[in-house]
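Going down the list, the sequences are from chains A and B. Residue numbers for the first sequence follow our numbering, beginning at 1 and rising by one. Residue numbers for the second sequence follow our numbering, beginning at 1 and rising by one.
Check before you lean on any hint, since a few could be wrong.
[Unchecked claim] In silico SDA-like pairs for lysine to any residue, Cα to Cα no more than 25 Å straight-line:
#	chain 1	residue 1	chain 2	residue 2
1	B	Lys137	A	Val139
2	B	Lys265	A	Thr247
3	A	Lys62	B	Asn435
4	B	Lys265	A	Ala240
5	B	Lys454	A	His290
6	A	Lys62	A	Ala149
7	B	Lys160	A	Thr130
8	B	Lys265	A	Asp244
9	A	Lys128	A	Thr276
10	B	Lys454	A	Arg70
Worth flagging that the hints you see were computed from the coordinates, not collected in a lab. From a predicted model like this one, the values you see are computed outputs, not experimental measurements.
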Amino acid sequence: MNAAPSARIDVRKTYKLYIGGAFPRSESGHSYAVHDTKGAFVANAALASRKDARDAVTAARKAFPGWSGRTAYNRAQILYRVAEVMEDRRPQFLEAVRQSEGLSAARAEKAVDEAIDRLVWYAGWADKITQVVGNANPVAGPFFNLSTAEPTGVVAVLAPQTSSLLGLIHVVAPAVVTGNTAVVVSSYERPLPAVTFAEVLATSDVPGGVVNILTGSAATIGPWLASHMDVNGIDLTGIAGDTDLATALEVAAADNLKRVRRPPTAEPDWTLDPGTGPMTAFLETKTVWHPIGV
Amino acid sequence: MVTDKNAAGTAATTEETGDHEMKSNVFTYAPAPESRSIVDIKASYGLFVNGEFVDGAGKAFKTINPATEEVLAEVAEADEADVDRAVKAARRAYDRVWSKLSGRERAKYLYRIARIIQERSRELAVLESIDNGKPIKESRDVDVPIVAAHFFYYAGWADKLEYSGYGGGNPQPLGVAGQIIPWNFPLLMLAWKIAPALACGNTVVLKPAETTPLTALLFAEICQQADLPPGVVNIITGAGETGRALVSHPDVDKVAFTGSTDVGKAIARAVAGTEKKMTLELGGKAANIVFDDAPIDQAVEGIVDGIFFNQGHVCCAGSRLLVQESVADELLERLKRRMATLRVGDPLDKNTDIGAINSAEQLERIRELSAVGDAEGAERWSPPGDLPQHGFWFPPTIFTGVSQAHRIAREEIFGPVLSVLTFRTPAEAVEKANNTPYGLSAGVWTDKGSRILKIANELRAGVVWANTFNKFDPTSPFGGYKESGHGREGGRHGLEGYLK
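Start from the sequences and build out the full structure, keeping to the hints where you can.
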């Protein structure tokens with residue numbers, strides 16, 4: 001009889017993609033090694049392919065009518081629920097952020113706290129943004145005339161490369177709180193907090209397909225998403241600083257006139273109030289007329 | 001005096017025999033032409049740069065009256081150097097004058113312009129109808145009044161921008177706006193572009209369409225009469241090359257374009273990777289949905305307004321009629337009766353309902369797509385009647401038996417041609433209405449309020465007209481979803497594209 005090992009062997013997690021509410025591996029069979037900031041191996045992450053991106057767009061499109069058709073109150077509650085579950089999993093996020101970003105314990109705590117609080121902030125916007133950006137229009141005639149905000153549709157999101165969790169929340173929450181569905185490409189070198197976030201989404205009443213998360217390279221997957229004819233908008237924040245790629249993606253996005261959120265020159269300070277811009281970038285204004293008295 | 005609506009009512013009651021011959025006597029009108037003596041068209045026009053008319057270095061082109069093919073004037077073409085001069089003039093005016101002026105003072109210039117437009121409204125309307133081909137009753141009663149109203153509306157915003165909700169409470173102008181407008185509503189599109197730009201503190205270089213430059217050049221004179229500081233508004237004439245030079249000029253901070261989706265995409269590619277802000281108002285293939293409980297005579301009027309207004313040269317035209325199957329036959333019968341009363345002819349005749357097609361090129365496109373409709377098996381119908389011998393004309397036309405796969409159900413014809421499709425359920429109506437890459441406008445006709453709101457919610461379009469169609473107002477934002485464009489023009493929302 002063999003001698004039993006003196007310590008328990010831990011069960012390691014497989015980090016997978018998140019598409020349509022499920023956790024598939026990349027259909028390509030590719031993965032890539034993820035290291036911490038000191039260069040030590042942490043895990044293999046799925047390397048999303050063009051086909052994965054297309055599957056994610058299909059899932060996002062399928063989820064769009066249901067998600068955009070929910071009441072704003074319901075979307076608010078679901079996003080708030082995501083924050084609750086994140087709070088519950090705080091130790092796990094702290095570890096993931098510390099490992100990914102090489103932060104001290106105190107700074108990792110600040111990043112996670114800020115991410116959760118920002119999500120709570122966005123949850124509250126669900127049933128307010130239309131009141132802030134819509135209005136009644138006093139037309140010169142006997143007509144009721146009202147302008148309201150509606151989601152643009154399926155939005156591709158290239159998440160920030162540096163801020164793996166807080167930055168991620170800053171681009172995902174504004175897109176989906178207003179009723180869009182999203183295909184998100186995580187930070188390439190720091191993808192693991194995004195996968196943990198996907199696991200939170202899967203357990204907090206977010207319908208499958210509303211947020212799809214691909215781990216891999218924005219430079220590889222971005223062009224497919226930018227030129228995809230069933231994607232309505234693209235947030236290029238994740239390629240901040242890469243002006244050539246940003247220009248190429250904006251050119252590709254013109255094929256179906258996607259709404260493009262151009263990248264900043266460098267990643268901003270994510271602790272600052274983002275304003276309503278990240279939400280209005282992917283909102284349409286619909287104006288409805290009806291005669292009065294006829 | 002018989003108004004249009006009464007005439008339609010009469011037709012409905014006396015038309016039991018279905019005899020169009022008999023009825024045509026009832027609707028014989030003596031010509032009532034508007035005098036063109038009020039306009040003074042010069043033999044040639046230059047560019048309006050820095051407050052003065054100057055020569056253009058490009059090859060001058062002719063603008064014609066599409067109703068007669070008469071040459072109206074020769075117009076200068078701006079080449080790249082001319083565009084550069086105009087942008088420099090706008091930049092200088094922005095730096096030295098316009099950006100330093102308070103909103104309160106800017107407002108007064110815009111109010112002046114609005115007033116002069118009202119004072120010279122008849123002249124503007126006649127000139128617009130001559131150069132564009134649209135009926136005088138539309139240029140006189142729709143285009144020009146809304147142009148004046150648009151300047152009046154945005155004048156009032158100039159000193160209230162901090163209340164607009166944009167620019168984080170301290171909104172700032174962008175700088176120089178390069179603006180390109182189409183030929184279907186030449187003066188109205190000019191107003192949609194220039195009024196908000198100036199109100200927000202920007203200066204502009206505007207290029208009107210090559211087939212309809214005259215009212216923009218008359219507007220330049222109005223700027224002179226208003227003593228608008230030189231360079232705040234510059235008007236450059238030319239075609240695609242001139243437009244390209246303007247869009248790609250490195251010192252332009254904002255590009256605003258109304259026109260075709262193809263050109264809109266080219267512009268989006270051209271500004272990619274720059275800091276330029278962009279608004280695009282592009283094509284459409286709007287569904288006009290009629291349910292079985294709709295007030296049918298009102299719906300017929302709305303369908304006619306939707307597709308035959310301005311010869312159908314309207315990006316938000318209701319060019320796809322979706323009618324519920326159970327009322328399709330009755331509706332089409334009444335629509336045909338109403339179409340038989342439409343008068344096609346001299347744009348300056350006050351009785352005219354449908355004027356001239358704007359250009360030979362556009363007429364060719366309408367003919368070509370209509371021929372495709374025939375070839376694909378749809379059934380074409382136009383009311384009997386002769387068209388004028390000279391000029392560019394196309395009769396009001398409907399195609400029935402159209403399926404979603406037909407090109408006339410998918411492509412923008414931009415003419416007086418309606419494609420008729422049917423549906424059975426509200427879900428099917430919405431599905432068909434949204435089955436297009438466009439998303440500019442849509443119409444819904446029903447007496448049931450809750451159905452209106454449900455359908456309006458589900459339509460992916462920037463403007464939804466319920467129990468009405470083709471209504472425009474300066475306070476009401478206009479613009480599309482999907483490939484119909486980016487951003488909104490009009491209303492408070494129209495400020496966003498000109499502020500940071």
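Each hint, compared with the structure:
1. B:Lys137 to A:Val139: The hint holds at about 21 Å.
2. B:Lys265 to A:Thr247: holds (14 Å)
3. A:Lys62 to B:Asn435: Holds: lysine 62 of chain A and asparagine 435 of chain B sit about 15 Å apart, inside 25 Å.
4. B:Lys265 to A:Ala240: Cα-Cα ~24 Å, so holds.
5. B:Lys454 to A:His290: At roughly 14 Å apart (the allowed maximum being 25 Å), histidine 290 of chain A and lysine 454 of chain B satisfy the hint.
6. A:Lys62 to A:Ala149: holds (21 Å)
7. B:Lys160 to A:Thr130: holds (22 Å)
8. B:Lys265 to A:Asp244: Holds, because 19 Å separates the two Cα atoms, which is no more than 25 Å.
9. A:Lys128 to A:Thr276: Since the Cα atoms of lysine 128 of chain A and threonine 276 of chain A sit roughly 11 Å apart, the hinted pair holds (cutoff 25 Å).
10. B:Lys454 to A:Arg70: holds (13 Å)
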